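A.B. asks: So the protein lines, in turn, are chains A and B. Using the numbering used here, read the first sequence as starting at 1 and increasing by one per residue. Using the numbering used here, read the second sequence as starting at 1 and increasing by one per residue.
Treat each hint with caution, since some may be false.
What the hints assert, rightly or not - Here are a few chain B residues that sit away from chain A, every Cβ distance over 10 Å (derived from the structure): (1) Pro5; (2) Arg55; (3) Arg108; (4) His117; (5) Thr168; (6) Ala190; (7) Gly206; (8) Val274.
Stated by the list, open to error - Taking lysine-lysine and the DSBU-like style, the derived pairs with C-alpha atoms no more than 35 Å apart in a straight line are: (9) B:Lys87 with A:Lys50; (10) B:Lys87 with A:Lys52; (11) A:Lys569 with A:Lys494; (12) A:Lys713 with B:Lys41; (13) A:Lys713 with A:Lys305; (14) A:Lys494 with A:Lys564; (15) B:Lys41 with A:Lys400; (16) A:Lys494 with A:Lys241; (17) B:Lys87 with A:Lys713; (18) A:Lys24 with B:Lys87; (19) A:Lys566 with A:Lys592; (20) A:Lys775 with B:Lys41; (21) A:Lys145 with A:Lys24.
What the hints assert, rightly or not - Just so you have them, the derived chain B footprint on chain A, three or more residues with Cβ under 8 Å: (22) 691-704; (23) 769-776.
It should be emphasised that the hints constitute simulated quantities derived from the structure, not laboratory data. It should be emphasised that the depicted structure is a prediction, and the values quoted were computed from it without experimental measurement. For each residue, glycine too, the CB sits at the ideal point set by N, CA and C.
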Amino acid sequence: MTATERAFGSSVLRLEDPRLITGKGRFTDNLSRPGMAHMVVVRSPYAHAKIKSIDSTEAAAMPGVVAVYTGGEMEAAGFGGIPCAWVVPDSDTQTPAHPPIAIDTVRYVGDAVAIVLADSEAQARDAAYAVDVDYEPLGVVVNAKAATEDGAPLVHDDVPGNQCFHWTVSGGDVDAAFSEADVVVGETIVNQRLIPTAMEPRAALADWDSSMESVTLWVTSQNPHIARFLLSLDTGIPEHKIRVVAPDVGGGFGSKIPHYPEDSMVIFASQQLNRPIKWTETRRENYLATIHGRDHVEEVEMAAKRDGTILGLRAKTWANLGAYLSTASTGVPTILHGLMLSGAYNIPAIHEDVYGVFTNTTPVDAYRGAGRPEATFMVERLVDLVARELSMDPVDIRRKNLIEPFTEGHEVATGLIYDTGNYEPALDQALEMFGYEEARKQQAEARSKGRLVGIGVVTYTEICGLGPSEVAGAVGFGGGLWESAIVRFHPSGKVHLMVGVSPHGQGEATTFAQIVSDQLGVAVEDVEVIYGDTDQTPMGWGTYGSRTTPVASGAIMGAIEELKEKGTKIAAHLLEAAEADVEFNDGVFSVKGSREEGKTIQDIVLAANTAWSMPEGVDPGFEASAFFNPANFVYPFGTHIAQVEVDPETGEIDFQRYVAVDDCGPIINPMIVEGQIHGGIVQGAAQVLWEGAHYDEEGNLVTGSLMDYAIPKAEFLPKFELGKTETPTAVNPLGVKGVGETGTIGSTPTVYNAVMDALAPLGVGQVHMPLTPEKVWRAINQAQEGGN
Amino acid sequence: MQTAPFDYYRPETIGEAVDLLTSVDGARPIAGGHSLLPAMKLRVASPAALVDIGRIPGLSEITRTGDSLTIGALATHSAVAASDLAKSDCPVLADTAAHIGDPQVRNRGTIGGSLSHADPAADYPTLMRAIGATIHVTGSGGGERSISADDFFVGLFMTGLAAGELVTAVEVPVMSAGQSGVYLKHRHPASSYAVVGVAAIVTVDGGSCAAAGIGIGGVTGKPERASTAEAALVGNAPSNETVEAAAAAVAGDLADPIGDHYASGEFRVHLASVLTKRALAEAFGEVSA
C-alpha cells in the first residue's frame, strides 16, 4: 500500500497470518493450566437405547484416572439441560429436555453417556474404553419424513409424531397463481445432510476458581458472549462469574455457534475436582457430536405463464433437526429459509409449510449459508425447470423475472424488505466474462458429438448481516443482533479496537484495522483488534450469518465519529481556532488552508491522554464506545455461471469453469473478499458433487470419517473467475454487505444446474445430491432405457 | 487419538525380526505404518507388540538382474516413483507408485507393506497380478521362498504369508520391446484410494497381441486376473473391436463383487470394464507409437 492509497479498498495482507502460518497460533488445545486434568467422553454406539446400567469400576481403577461421572451426577450437582436459543413463534415448537450427559436414554450415535477424567488424555481415553455400559436398544428413525409417519419410533416420548414444529410462510394468493398458470413444474428435492468439518475440531478448557466462585472457559466458539449467556442458564453460575475466551479458532462454518454439552461438562468436572479440565474432540467425535447442516426433503412447485413470467411458488419441507434442539436449529429451516423463497425475482405468491422433525441422528444447526442455500436451491432449480418446460434459455427467464433496480427497499411476498439491489449489471458482467453465447455454441457442437457439456446460471440474492434486534425478537431468537465497539487510543497513538464479534478465520483483525486506518489516518499496523474474550471486549452477538462486518462496522464507525468530533474540539483548542474552521483529513486536524500547521491525530491523542490543556467541557482520554443496531438486514446478490462435462461412460463430472460476479457493496479488502467467495463456492460445489452424510437404518453414521466423507480438494476445482458490481446499502454507515456465505448460496444451484444441463439431452430429469459417479451413471442408464 | 498400549521392538536383521514375530505373542510387523497406525489409532487393531522392520539395512534397493527388476520390501513409493531404473525398465511400476495416495503416504509407505496388507483398494497388488510378479519372503529359521502374485493374494487383507514370514523383495519383469503397461484407477473422492484399479500389460508382436496381463483391484476382496478378457486379446490385432471385446469380457472374470455406500458391486464391475478398455487402448497406443 502506498502512502496515497486508501486503506479502505486495498488488499492489505492479513495481520493475523504471520502468526498462524508460522505455527504460533494459540488454539484452545494448545493451552494448558497448572494441575490440568483431561476429559474423554464415553459415547453411545447405539442410535436409540435405554441405558440399563453403567459400570465404571474397572475404568476408575485404571492408572491416572481421577473420576468417572454420569449424567445423573451432573444433574444432582445442579446442572440443567442444554438450552435452545431459538423458538419460532406460531409453530407449536416442542423443546424436549436435553441433558448434557444422557440420563436414561441415548438418542443418537455419539450421545454422551459418561465422562472420564484422568491426568493425561491417553489415560482418560484408555479408561473410557473400559467403562461398561449396558444398553437395551430401541427402535430407530433417521429419515425426517419417515419419522412423521404413523408407528415411527418416538425419539422423545413427549413429542408425538416426532414433530418439533410446523411453521408456515405465506404471501399472495398461491392457489390462484397455480390455477391460472400455463405451466406448473415441480420435484422433490433432497437437500442432503452435510458435516461442517472445520479444520480445528472443538475443544474446551474450564478453570473453576473456588475462591472467587467464578469460571474461565476457553472454547472453540464463534460467539463467546452468547456462550456465556447460555452457560449461565444451565450451569447455574451467574453470568458475571463466567469468562468465556475464544482464542484462535480454526474455522467454524456455523458449527461453533452452538452451546454444546461438553462446554458444561468441563465446567462441572472442574468444579467437582477443583482442577482445570481440558477436552478436545477427535475427528470421529467431530463427525458424531458436532452439529451437521442442511438435511431437508422439499416438495416444491412453481407456477408460470407461457411467456416465462413466474406466478407462484409452493413448497412443503421436512427439516431433520436430529435428536435434540441445538442452539439455533429451529430458526435455520424457517426464518433463514422460508422468507427467502422469492430469491432475486418478482414472485407474487409464495407458500411454504416447514415441518421440523426429531430423528435419531446428530443434531442439525447452522452450516455456511444456514437455510438460504436450501431456499436458493429450490428457487433456482424451479426456475430452470420452468425454462426447460418452456424451452427458454435460463438467462432469458431470469432476466424476465428479476426484481427491477431499487434503492429504497423492495418488499417481496414473504414480507421481507430487501435493502438495495441492481441485479442485471451483475448478470451482464457474468455473461460477458463467461462468453456465454460462444459457450452455448460450443456446447451445441459438443452435444452433436455425443459429449455431455452443461452450463448452469444462477442469479441469487440472500439475507445476511443479521440483523435488526427487533426482528430477532419478533422471530423468536433468544438474543439481540446488535454490536458494539470500543476504539481506544493509547498515549503514543497506538490503537486497541475491541469488538463483540468473534472472527475465526474471516480476517477482521485486518479489515477492521483498515477501517480505523482509513477513517483516522493511523497506520493499519498501529491498530490491534481485540475480540473473543468476554472480559476484554464489549457485548456482542458473535460471528455468523455474514454479519460481522456489516453490523460491527456500524459500531466501529459510531465510535470513530465520536473521536473525530472530540479530536476536532481539542485541535480547535490547541490551534486557537473555531471548531467550525477545523477540518480533519488523512490523520491531520488543521485550520482550513493551513494543513502544515495542523496537528496529527497522534498529537491530539497525546494531548488528550496527558490532559495538560483540554478545552472546557471535554474529558481527558481518547476513547469512544458505540453500539449499532441495524435497521434492516443486508442483501448481497450476484450471478454465478458454471460449466461441467459429464463422462457418459463412468458418470464422472469434470468441473471445468466457474464465473462469479458478486455484489457485496463497497469492498474493504478485495483479497479477503475473494478468499471468502472462493471458499464459499467450494463448499457449495462440494455439496453438489462430493459431500453427503449418510446414516444406515440402525442410525450408524456410515460417512463417519474423512476416509468416507468427501470434502473438496484443490485438485477437484477449476480456477474461479471473479467479477464484482458495487451497490451500497443504506443500512450501515460504510454501505457494506456480508460476503461470507454468498459463494455457497450461489454455487450450490449453479453447479447442480450445470450438471442437469449436461444430462438434459439424454432426458435425465433429476439426480439427488451428491452427484456421485454411480448415481449419474444409473440416471443415464435409466434415461436411455426409458428412451428406448 | 491414541493407540492402546503396545511393546516396541526394533530388530537389526531380518532373522531377528522373524524370530520376534514368531516368539512374541500378538506381535505385528511395521514399516511405513501407513495402514497399521491408523487402524491402531481407531483401535480397530490393538497388537500387543510392534516389530519395527523399517530400519533393517539392505531392504530398500532397486536392482536389475537379467530380465527382471528386484525391489526391496522397504523401498518407499516415492523411491520407486523416482527410480531411474524403474522409470526406464518398467515405467508402469514407477507410474503406479507415483500415483499412490498422497506425498505423505508415498514418502512413508513401502512396497512390502502394501503387498503384505493386501487391501483390495491398494494399487500395487493389482499391478503385481497383471505383470506376473514374484514375491520373495523369509520365514522362521531363515527359510526363504518365493510366491507368485497369483498365489500371494488370498482374500480381503489375506495373503499366502505364513505366520512370522516377512516380504523381503518383489521381482517384476522388465518391459521388453513391443510391451507396454498402463495402470488406471477411479479414486474415492474422500480417501483417494482406488475404488477400482486396472493394470493392463500387453505385448504386441507382428501386428497382433502376443500376450496380455490384466489385473483388477477393488472389485472383489483381492486383486483379480481377468483371464477371459486376456484370452480375448491374444492372437488378435489390437483394434478398437478387440479392446471392446476384452473389456466386455471383464465382468465374467469378477464374481461376487464387493460394494459400499459410494460404489455398488455392479458399478465397480462396470468401472472395471471401462477402465480396462481405456487402459488397453492406452497401452496398445504406446506400443504402436
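A.B. asks: Hint by hint, note whether the structure agrees.
C.D. replies: Hints versus structure:
Not every Cβ of chain A is farther than 10 Å from the Cβ of Pro5 (chain B); the closest lies at roughly 7 Å, contradicting the non-interface assignment. With 10 Å as the threshold on Cβ separation, the claim that Arg55 (chain B) sits away from chain A holds: the shortest Cβ distance comes to roughly 25 Å. Consistency note on Arg108 (chain B): stated as away from chain A, and its beta-carbon is indeed over 10 Å from all of that chain's, at 17 Å minimum. Every CB of chain A lies more than 10 Å from the CB of His117 (chain B), the least distance being 15 Å, so the non-interface label holds.
For Thr168 (chain B), the requirement that its beta carbon stay farther than 10 Å from each beta carbon of chain A is met, with the minimum near 30 Å. Look at Ala190 (chain B): its CB is around 4 Å from the nearest CB on chain A, not clear of 10 Å, so calling it non-interface is violated. Listed as outside the interface, Gly206 (chain B) is consistent with that label: its C-beta sits roughly 31 Å from the nearest C-beta of chain A, beyond the 10 Å cut-off. Not every beta carbon of chain A lies more than 10 Å from that of Val274 (chain B), the smallest distance being close to 5 Å; the non-interface claim is violated.
About 61 Å separates the Cα atoms of Lys87 (chain B) and Lys50 (chain A), which puts this hinted pair outside 35 Å; it is violated. A hinted pair counts as satisfied when its Cα atoms are at most 35 Å apart, and Lys87 (chain B) with Lys52 (chain A) does not qualify at roughly 62 Å. Distance restraint check for Lys569 (chain A) and Lys494 (chain A): the Cα-Cα separation of roughly 20 Å lies within the 35 Å cut-off, and the hinted pair is therefore satisfied. Pair hint Lys713 (chain A) plus Lys41 (chain B) holds up; C-alpha atoms about 24 Å apart against a cutoff of 35 Å.
Distance restraint check for Lys713 (chain A) and Lys305 (chain A): the Cα-Cα separation of roughly 42 Å exceeds the 35 Å cut-off, and the hinted pair is therefore not satisfied. For the given pair, Lys494 (chain A) sits about 16 Å from Lys564 (chain A) by alpha-carbon distance, which is consistent with the 35 Å threshold. Among the hinted pairs, Lys41 (chain B) with Lys400 (chain A) is inconsistent with the structure: their alpha-carbon atoms are about 58 Å apart, more than 35 Å. With a C-alpha separation of about 31 Å, the suggested pair Lys494 (chain A) and Lys241 (chain A) falls inside the 35 Å cut-off, and the hint holds.
Between the alpha carbons of Lys87 (chain B) and Lys713 (chain A) the distance comes to roughly 28 Å, so the proposed pair stays at or under 35 Å and holds. Restraint check for Lys24 (chain A) and Lys87 (chain B): the C-alpha separation of about 42 Å exceeds 35 Å, so the hint is violated. Distance hint between Lys566 (chain A) and Lys592 (chain A) is fulfilled; the C-alpha atoms sit about 18 Å from each other, no more than 35 Å. Distance restraint check for Lys775 (chain A) and Lys41 (chain B): the Cα-Cα separation of roughly 33 Å lies within the 35 Å cut-off, and the hinted pair is therefore satisfied.
Proposed proximity of Lys145 (chain A) and Lys24 (chain A) is contradicted: the alpha carbons are some 47 Å apart, above 35 Å. Here the region 691-704 of chain A counts 3 residues with a CB under 8 Å from a CB of chain B, which clears the bar of 3, and the coverage holds. Interface restraint, the region 769-776 of chain A with chain B: holds (3 residues with C-beta to C-beta distance below 8 Å; minimum three).
In this structure, the earlier hints numbered 1, 6, 8, 9, 10, 13, 15, 18, 21 are contradicted, and the remaining ones agree with it.
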